[in-house]
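Residue numbers (my numbering), protein chains in the order written: chain Z, 1 to 423; chain U, 1 to 423; chain A, 1 to 293; chain F, 1 to 293.
Just so you know, the hints here were simulated from the structure itself, not pulled from any lab data.
Glycine included, every Cβ here is placed at the ideal spot set by N, Cα and C.
Worth double-checking, as some hints may not be accurate.
[As the list claims (entries may be wrong)] Residues from chain F that keep clear of chain Z, each with C-beta distances beyond 12 Å, as calculated:
#  : residue
1  : Lys40
2  : Thr96
3  : Glu123
4  : Ala126
5  : Glu166
6  : Asn198
7  : Leu204
8  : Ser252
9  : Ala253
10 : Gly254
11 : Ala261
12 : Glu278
13 : Thr281
[To be verified] Distance ranges between label pairs, derived from CB positions:
#  : chain 1 : residue 1 : chain 2 : residue 2 : range
14 : A       : Asp144    : U       : Glu100    : 34 to 42 Å
15 : Z       : Ala1      : F       : Ser175    : 52 to 60 Å
16 : Z       : Glu378    : U       : Glu210    : 38 to 46 Å
17 : A       : Pro114    : Z       : Arg57     : 42 to 50 Å
18 : U       : Glu408    : Z       : Gly98     : 35 to 43 Å
19 : A       : His22     : U       : Ser338    : 24 to 32 Å
20 : F       : Asp152    : Z       : Arg248    : 31 to 39 Å
21 : U       : Asp35     : A       : Glu168    : 22 to 30 Å
22 : A       : Asp151    : U       : Val283    : 37 to 45 Å
23 : F       : Gly113    : Z       : Glu43     : 49 to 57 Å
24 : U       : Arg218    : Z       : Glu34     : 27 to 35 Å
25 : Z       : Glu43     : A       : Glu168    : 55 to 63 Å
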Amino acid sequence: ATFGDYGGQYVPEALMPAVQELEDAYERYVLNNEDGFMDEFRERMREFGGRPTPLQRADRLSERYDREIYLKREDLVHGGAHKLNNALGQVLLAKYMGKERIVAETGAGQHGTATAMAAAHLEMPCEIYMGRTDVNRQRPNVYRMRMNGAEVNSVEAGSGTLKEAINETMRDWATTVERTHYVIGSVVGPHPFPKLVRDFQAVIGRETREQIREQAGRLPDSVVACAGGGSNTMGAFHEFVPDCADPRFANESSGRSPRDEDVGLYAVEAGGSSLEIDAENAVAPNSATLSTGTNGVLHGAMTKLLQSEEGQIMESHSVSAGLDYAGVGPELSHLVDSGRVTPVSVDDEAALEGFHRLSRLEGIIPALESSHALGYLEEAHEDLGDLVVVNVSGRGDKDLETVLEETEKRDLEAAPDVEVFDG
Amino acid sequence: ATFGDYGGQYVPEALMPAVQELEDAYERYVLNNEDGFMDEFRERMREFGGRPTPLQRADRLSERYDREIYLKREDLVHGGAHKLNNALGQVLLAKYMGKERIVAETGAGQHGTATAMAAAHLEMPCEIYMGRTDVNRQRPNVYRMRMNGAEVNSVEAGSGTLKEAINETMRDWATTVERTHYVIGSVVGPHPFPKLVRDFQAVIGRETREQIREQAGRLPDSVVACAGGGSNTMGAFHEFVPDCADPRFANESSGRSPRDEDVGLYAVEAGGSSLEIDAENAVAPNSATLSTGTNGVLHGAMTKLLQSEEGQIMESHSVSAGLDYAGVGPELSHLVDSGRVTPVSVDDEAALEGFHRLSRLEGIIPALESSHALGYLEEAHEDLGDLVVVNVSGRGDKDLETVLEETEKRDLEAAPDVEVFDG
Amino acid sequence: MSGDSTASEYDSDVEAAIRENHPALITYITAGDPSLEDTKAYVEALDRGGSDLIELGLPFSEPIAEGPTIQAAINRALEAGTTPEGFFELIDDLDTEAPLLVMTYYNMILQYGPSAAVRPFVERAAETGLSGIIVPDLPAEEADPLREACDDHGLDLVFIVAPTTEGERLERIMSQVSGFAYVQARLGTTGARADVSNATHDSLSRLDDYDVPKAVGFGVSEGDHAAEIIEADADGVIVGSALVDIVAEHGSAGAAPAADALEAKARELKRGALRGGETLTNDTEDTPEPEQP
Amino acid sequence: MSGDSTASEYDSDVEAAIRENHPALITYITAGDPSLEDTKAYVEALDRGGSDLIELGLPFSEPIAEGPTIQAAINRALEAGTTPEGFFELIDDLDTEAPLLVMTYYNMILQYGPSAAVRPFVERAAETGLSGIIVPDLPAEEADPLREACDDHGLDLVFIVAPTTEGERLERIMSQVSGFAYVQARLGTTGARADVSNATHDSLSRLDDYDVPKAVGFGVSEGDHAAEIIEADADGVIVGSALVDIVAEHGSAGAAPAADALEAKARELKRGALRGGETLTNDTEDTPEPEQP
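Take these sequences, add in the hints, and give me the full structure.
Printed below as a string of structure tokens:
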């Protein structure tokens, strides 16, 4: 396994050579910057992607919580979320590997749009698999992908959401593996995907670490990020993992040693409507995998899962489509088990309040995913120390319809009166 | 007048003191950085707004046109367009001036959303006026403004678009002028608005000038920007105006002298469906004010206008709501008359092709406004020299529905097949 | 051709009309609403009703200083095809006791000639016998060209004094007053309002030191308002939206009923003004003792 | 309990079933589709029809290696409430000539016990008389724990050899073959295809040097396909989707007609395999001279 008990390569035999080819490419291009791969990646993320993103002091949240709150502004990355960090990295890697085509899955469409953008930018033919339900409810994202020249295949199986889209993308990959790279959308899947995606996303934490030092003079007491599959989470956390007194987390490869500064890492999962499982229907009304899941194998890796006692994967639920996944990155499972990352969750309502609160107080409309991190900040700020970084992983324009619908059903403190919305 | 024959302060008497108060504030805070105003503005544009934006070499466009094409990525500014540069500057200025409330007009909603964001960020009560037609067709932008805590007032008069919204905002301002600042959305309106807005937007050209020197080693042969009211245009051009051999344009205030490097400045207007006026209905099927307009006074300034022989302002038209305005900034009128800026135009179809072309070739979905600049690049690249900068003033997510609709009506070379859009 | 161009002790017809008919009634309607023919009848009715000065709006498509009532009137006039030339022909055709003023936006004046200049409009205005011009979007700072042209052709250029007009600007404007000072009683756009009194007194008291005719507008709809305004020491009261409302109400009923109603309204307003004038005279002459507690 | 557990010259029941019945027919259906009772009848029919080895799919909710046909069967089985325990009870209850294998995804094996470990599943499988396990998402690299458990309980762990399996990995897998090598004839997921021959020959020729039974699957639906595969030098032919199609077609008609159709299909396939085997023998013994041009 790759991370303690977690990770591995649980894929059909036909894919093993591709996975091993990717391991080799990961080592050469990503770890060793062969042919200047990482230089080109970083350069393109600067010019095309808009990096670095700012670390912004949130004046009104700081006042509200009587401590220093900083926001890492991944919502400003091209495409509107941190997703491009990974998509561009992988499409570029596919090019270096001589692949002629990429495929990717998408749930709400954020990873699909990021991949389509990256593919257009790098002139790589691209097919995206998206569940029928998601196609219907995320039509603007379908349009964006098509505008970027990608093909979008709707997946009719099952509930027509992310899980089915991943399954179908794996099937495509298994058929076309020799010339195709599968741009997986999070720190999930068989090794080396979780490491590869993490390393592409780690720029979030790397920038944050430098910026907070410069702007606040020290490392934060805590970093808060939402966790679905976990790519923005690992991206935000990775550079901070060694920042603790526990010598187990000294990052040997970078020559670091245990730190004096102890940075708490909080992965905020989607609590949905409840943390209780609906056992009869094998449905989880949440996506709180780290908090409530059990170990198993899904989509190529051993990790924590929302599953029935018999091992069937449950349908997960969240108001935020991007967190709505029954698995989670294996490295996060490991970091949770080993105590380095604290798994927490907030429910749909707290996330909606977080959405409205940031929109009104700071003039930033966050993604519903990121709104979970903001919901947790509201609930638990007293436990987070004097200097807190929240990763705003994406912008919320894509979520307006959902938020309106869900706000109408509730009596939310931070929301405007949505009944009289056009003035 | 402020700029040659153009500019001035043609406003109701009740507003004159406010306009003069603003002149004073402009001089103190913007020109002389009193109380560190400009420092705070720049700092907030960095942290909150995401500046600087990249200047990106467009690989595939460069190949297509066999010259170096660079894109100034204003689409990456918080909110999705250059509009925040101005909105944040003015809301902050209103705060420095001790105003307690801001109002703004909006057409398609881009300026309104930018203003609402800035107002939320700076804790300033905010009301936005928007024509009823625009409210109905730009509902997501209404939602965004409301999410940011702004009130949105729909204006029922006339055709219910930008012109009526400006009229109504002026009326509000005339009523509440003592405690209210009017955040005008472009380089239009009475002096000092055209200078004020230009100076807030000039960061575009200032960054571009530095970046192109660093990345290409010299100044560009031409800068291309779309022009409606002209704020992104003046923002992109201002720093380059003195970059020409004509001593009239040496910028005395900055101690510059005429330059060896001659930078061509191209303002691309919306040609709509035709440059011919429909005299009978007093309608211009375009918004090509600089190219076809005549001198007159609208919304506080002497400038070029689309007007009937009798002086009635015409309804303008463009597939791009943000360019759909019968006036234009007075400084642009002056720079056109004096030969420093070349006014050109492309029609709706060329703009749509530009939209699709950039989406497919570069993985950037541009605003329909910016797509006009890209349409002109396609038509006239041979006249633009070896090194060209195009200002991508905003992103096109907001335009997806319009583009789909307009694409379905036409046979566009660069467009995907929109008939089978969901795979 | 209208107005009696009598030589008098005053600088202009306009000033004379106010001074000699003190307290004066100044009325406004939009020309061309619903047609120029109807406007002719309305103006004659207002004249008969006792207007001492009549402002005629030449419609402009972007009336930024008007409230909803006059905006709507302007739209109706434009839809009816009202043009500057038609407007001038109407003026030519009118023969009223009261001098006539044109109220329009600056762009309309600029575009009358071939090349965005003011003189052709002023020449034509003078030719038709108009007595003056009011331009809501032309502050004193931008008015030199138009003032010069007006001076050359013997027309008054009326300036507006707003509640925000203060200090040096107020002095400068008051020193340049031509015809009368159009005193805007409160901030905002034109439009009839139920309550007019409070702001009026403040507005006027700032102008006590200036010996020029002052007429107060913005919000007057009834005879009692007129009385209150005159009591507050105005020389004249300006009424617009309330009259435009009458035009709008009778829009489809033809010109005659509207004209009658306008005449009646003018009469009511003039009576109100006169009543205010009497109160003022009485008050001044015979201030009652304060009651003992 | 099924299969004849005869001691033989072969390492396992599974290998014996293929070697002794050469050319062998290996059939697959999904357990619980549409119910476990029906599955029992279907398995017996496949056994009667001449299957030499029968794979039973234990349904998992995320069957990433299956094509649409078997995906749909798995969904039907899950909707019918098929559980691992029900599955094992079915196996217990079966008495077939052909040894039985379970085909399932790794997570199903892990979750059978209390703590994500493989042994409880393997123990229970051995107890019910299953002869082996096939796990489509368990490559050799991750298989040690399961292989050890299988070894300890005398079960075969069947590995898949894909068209992309090459070089060292191929050698390693072939050296670890237990039961037979499941040769995937082409890239992609399971599913019946009209054309099977071209890829098969290539897939098998790479394995010429390895003396282990080779069975070819992915795409076989007719007797003629079976013949072609055996002609291409396979020891067995694996048929799944074509049988699952029969189950699906007869879904609502009850178990008996489906069982009959399955038995007939198995017979057709076995006959095809035998025909392929004869052709091969004839070809080998008596290769015709090439015709003279």
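Now for the hints, and whether the structure bears them out:
1. Distance check on Lys40/F: its Cβ is at least 20 Å (rounded) from any Cβ of chain Z, clearing the 12 Å threshold; non-interface status holds.
2. Chain Z leaves Thr96/F outside its interface by the beta-carbon criterion, the shortest separation being 25 Å against a cut-off of 12 Å.
3. Remark: the non-interface label on Glu123/F is consistent with the geometry, its nearest Cβ contact in chain Z lying 16 Å away (cut-off 12 Å).
4. For Ala126/F, the condition that its CB be more than 12 Å from all CB atoms of chain Z holds, with the nearest at approximately 19 Å.
5. Listed as a non-interface residue, Glu166/F fails to keep its Cβ farther than 12 Å from every Cβ of chain Z; the least gap is roughly 7 Å.
6. Even its closest Cβ contact with chain Z, about 16 Å, leaves Asn198/F beyond 12 Å, as expected for a residue assigned away from the interface.
7. No Cβ of chain Z approaches the Cβ of Leu204/F within 12 Å, the least distance being about 16 Å, so the stated non-interface status holds.
8. Under the 12 Å C-beta cut-off, the non-interface status given to Ser252/F relative to chain Z holds; the minimum distance is some 21 Å.
9. Look at Ala253/F: its CB is around 25 Å from the nearest CB on chain Z, clear of 12 Å, so calling it non-interface holds up.
10. Against the 12 Å criterion, Gly254/F stays outside the reach of chain Z, whose nearest CB is about 27 Å from its own CB.
11. At roughly 26 Å, the least C-beta separation between Ala261/F and chain Z is larger than 12 Å, which holds for a residue marked as non-interface.
12. Listed as a non-interface residue, Glu278/F keeps its Cβ farther than 12 Å from every Cβ of chain Z; the least gap is roughly 32 Å.
13. The Cβ of Thr281/F sits about 31 Å from the closest Cβ of chain Z, beyond the 12 Å cut-off, so the non-interface label holds.
14. At roughly 35 Å, the beta carbons of Asp144/A and Glu100/U sit within the given window of 34 to 42 Å.
15. Restraint check, Ala1/Z to Ser175/F: a C-beta distance of roughly 24 Å breaks the suggested window 52 to 60 Å.
16. Checking the proposed 38 to 46 Å range against Glu378/Z and Glu210/U shows it holds: the Cβ atoms sit about 41 Å from each other.
17. Pro114/A and Arg57/Z have their C-beta atoms about 59 Å apart, which leaves the hinted 42 to 50 Å range violated.
18. Taking 35 to 43 Å as the suggested C-beta distance range, the pair Glu408/U and Gly98/Z conforms, at roughly 38 Å.
19. Separation of His22/A from Ser338/U is about 53 Å and departs from the stated range, judged on CB atoms against 24 to 32 Å.
20. Asp152/F and Arg248/Z have their C-beta atoms about 34 Å apart, which keeps the hinted 31 to 39 Å range intact.
21. For Asp35/U paired with Glu168/A, a C-beta distance near 26 Å keeps the hint of 22 to 30 Å intact.
22. At about 38 Å, the beta-carbon gap between Asp151/A and Val283/U stays in the expected band of 37 to 45 Å.
23. For the hinted restraint 49 to 57 Å between Gly113/F and Glu43/Z, the CB-CB distance of approximately 50 Å keeps it satisfied.
24. Between Arg218/U and Glu34/Z the beta carbons are some 33 Å apart, a value that agrees with the proposed interval 27 to 35 Å.
25. At roughly 59 Å, the beta-carbon separation of Glu43/Z and Glu168/A lies within the given 55 to 63 Å, and the hint holds.
This entry does not satisfy hints 5, 15, 17, 19, going by the numbered hints stated previously.
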